[in-house]
Amino acid sequence: MPVKSYIQAITLALREEMERDEKVFVLGEDVGVRGGVFRATEGLYEQFGSERVLDTPLAESAIAGVGIGAAMYGMRPIAEMQFADFIMPAVNQIISEAAKIRYRSNNDWSCPITIRAPYGGGVHGALYHSQSIESVFANQPGLKIVMPSTPYDVKGLLKSAIRDEDPVLFLEHKRAYRLIKGEVPDEDYTLPIGKADVKREGSDITVITYGLCVHFALQAADKLEAEGIDAHILDLRTVYPLDKEAIIEAASKTGKVLLITEDNLEGSIIGEVAAIISEHCLFDLDAPIKRLAGPDVPSMPYAPPLEKEFMVNPDKVEKAMRDLAEF
Amino acid sequence: MALNKITMPQLGESVTEGTISNWLVAEGDHVNKYDPIAEVLTDKVNAEVPSSFSGIIKTLSAKEGETLEVGALMCYIETEQSDTPEQTSSTSITENQSIDNMEEEDNSMKTRYSPAVLKLAQENTIDLTQVNGTGRGGRITRKDIEKVISNGGTTKVEQVDPTPDTNLINAIEEEKTNKELAYHPPAPEPQIVQTETGDKEIPVTGLRRTIANNMVRSTTEIPHAWMMIEVDVTNLVKYRNSEKTRFKENEGYNLSYFAFFLNAVAKALKKFPQLNSSWAGNKIIQRKDINLSIAVARDDELFVPVIKNVDEKSIKGIAKEIDVLAKKARNGNLTTQDMQGGTFTVNNTGSFGSVQSMGVINYPQAAILQVESIVKRPVIINDMFAARDMVNLCLSLDHRVLDGVICGQFMSHIKGILENISSDTTPIY
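Respectively, the protein sequence lines represent chains A and B.
If you're matching positions, the first sequence starts at 1 in our numbering and goes up one per residue.
If you're matching positions, the second sequence starts at 1 in our numbering and goes up one per residue.
No incorrect hints appear here.
Distance ranges between label pairs, derived from CB positions:
#	chain 1	residue 1	chain 2	residue 2	range
1	A	Phe283	B	Arg209	32 to 38 Å
2	B	Gly152	A	Phe283	20 to 26 Å
3	B	Glu27	A	Pro192	44 to 50 Å
4	B	Leu3	A	Arg34	58 to 64 Å
In silico lysine-lysine, DSS-like type, Cα no more than 25 Å apart, as pairs:
#	chain 1	residue 1	chain 2	residue 2
5	A	Lys223	A	Lys181
6	B	Lys58	A	Lys319
7	B	Lys143	A	Lys223
8	B	Lys5	B	Lys33
9	B	Lys119	A	Lys244
10	A	Lys253	B	Lys147
Because the hints were derived from the structure by calculation, they are not lab data.
This structure is a prediction, so every number in the text was calculated from the model and none was measured.
Glycine is no exception: its CB is placed at the ideal position from the N, C-alpha and C atoms.
Hey, can you work out the whole structure from these sequences and the hints?
Here you go:
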């Protein structure tokens, strides 16, 4: 199986879907001739032409709005937000239109749009290029939020997102783009949205996380294995709606749960995960549910030492995992 | 590097617990030996707890507001001094110590059970006291229980030999008879008091609880009896008024009436030591020293500091101690030493205008005297009205220890002393 980077898996999924279905098209800032600022759409303009790879004005509300209109009309748009931080002008379109149109029209209309956006920090991007925005959208029934961690998951889930009959917010960790590599099958495959995935089997502690933090947890788990600490790692993959069954199963397995997100702690996705666990797993719990997250400060700092302090990293994860194991 | 424990110290006789009112250090702080690390409120005093080591505070094991028993763990402190020479010279001893330390640490979480552990223990009838915990602080983890289950399930508690131990029986019988001797009145069910909207709930803490407990104990255990006499203190008032300005100028504090009363009480106690005593179950302990407890109130707190050996002190000496103790009480600086050793209590109820009251005895003393307000009243002397300064003295007595006759004599004696006060009988210096 060929080894590909996270971003190559994205490009591959886009290309395959555009080849498979001519209703699929891409729109966004600099996605065309330039191939995207991260080169996620590289080569698509050349292959599919300017009518299926649209360079748009710098107006996120319009990118989302045009995409939503086209989707309702039967197309399969893939709208790119250059950075997830820039999605804010499009929030009204996404929450009030895309997420609600099926319900509002009594099932007459649907909106099969995929909105891709690179999120996350650790790239020296400071305020406007580092945010985690998933929790803004994570209580909007009608919307799905997918945040894959591996190239394999990226390809399978992006394809599922594009083929989904309803709007999907597909959030890609920008630091993972070229950092994370993995095997990606050449053949066409999809992965189910709404299903979490066990990335490592273990019996001492359970780590539940998503995105880049999955890799931090896996690295820490390898180190801790030498100390006799056996970690079970669940990758949420879809952060809204959550895979309750998998969360309950993973939490019950060890009774010691560490939840990790790169987002600010309060009000983050993992707070909801903690609620699910405490509702369903009381008599299996052997320790308080622990959370590791970014501090509650308004933005990712620009200064490197402060950015490092803000970011979750393998050392912090390892420390938290060991602490829980020793409890 | 060594991890040492700081535990709640015994901050005075009969003090069993302390509430941490304030941590003066945070985790990671460096402290020197004897540096204060926390302010602790006991039922008697506020005190600062000093560090027993120099080092770095590792973990604070108790929160502010938390009440710890004497000897309970307050915090861990990491000392920098390397004990390497000691370790090399006597390895076995240090090893033992470290094992001891570990065992002590181990038990802090021993009986904290997680829901998972409790459930598994219940389902498999496992006696948790028989399970060794491998978690932090000796906590029994879910894995520990799972291991016990996979090793064959139940940990059976060994049956105790049913043949009775004669020593044990004797001990039980003795305890029984002791219990019969001591009378414990049935405690009434506390009535549930409902809070209505707008009511304010004030938690009962430290000092307030102690006051409450002491009052309940005193009033339920001691059969109180009361007595009141009237004393003509016209001479005292004249004497004191003629001296007070000069005294204040010379000494810097007030020449209070209370000092004269304490002086008179001390003299009377010398003559009637029966009142200077305590009920001790099968005996009465008569105290040699005359140490007078005086009640001092501050906001919603009541302190009872002690003036020691009052019978050996001049009026000036007593007045000075009253002044010092009152100031300390107002500033919250009273120490345990200030509160200990009282043998009889004199309460200056007159200071807030009372003319008659029934004091609650300061347990385990035998009596309390309430000095009421001095008021000018018409009194008949030689069949004629006279305006005299009168004061009521109210005595509460433990009727197990004392009877009316002796107390009457005691009160008459005080009356005699007070009514004959002059610069000849009672010099100030």
